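Engineer: Using my numbering, read the sequence shown as starting at 1 and increasing by one per residue.
Hints are computed from structural coordinates only; laboratory data are not their basis. This structure is a prediction, so every number in the text was calculated from the model and none was measured. One or more hints might be untrue.
[What the hints assert, rightly or not] If you anchor each label on the Cβ, the simulated ranges turn out as follows:
#, residue 1, residue 2, range
1, Gly17, Asp37, 25 to 35 Å
2, Val12, Gln38, 17 to 27 Å
3, Leu20, Val40, 17 to 27 Å
4, His3, Phe28, 11 to 21 Å
5, Pro2, Tyr22, 14 to 24 Å
Where is the CB? At the ideal position from N, CA and C, for every residue including glycine.
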Amino acid sequence: TPHFEYVASECVKGLAGVSLEYDLPVGFGVLTVDTIDQAVER
């Protein structure tokens, strides 16, 4: 499994925890890409 899948998963867990702890909605986006070009395309 690529490293970015672990990083993305932990980002989601951390931000969800913030939302739950402070009872606030949190919007976020995480791009899981291998290159800058892939990020630009998405």
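Engineer: Evaluate the given range 14 to 24 Å for the C-beta pair formed by proline 2 and tyrosine 22.
Structural biologist: violated (31 Å)
Engineer: Is the gap between the beta carbons of histidine 3 and phenylalanine 28 within 11 to 21 Å?
Structural biologist: holds (19 Å)
Engineer: Could you see if the CB distance from valine 12 to glutamine 38 stays within 17 to 27 Å?
Structural biologist: For valine 12 and glutamine 38 the Cβ distance comes to about 19 Å; the hint holds.
Engineer: Holds or violated: the 25 to 35 Å window for the beta-carbon distance between glycine 17 and aspartate 37?
Structural biologist: holds (32 Å)
Engineer: Would you say the C-beta atoms of leucine 20 and valine 40 sit inside 17 to 27 Å of each other?
Structural biologist: The hint (17 to 27 Å, Cβ to Cβ) is violated, given that leucine 20 and valine 40 are roughly 33 Å apart.
Figure legend: structure checked against the earlier numbered hints; hints not met, in rising order: 3, 5.
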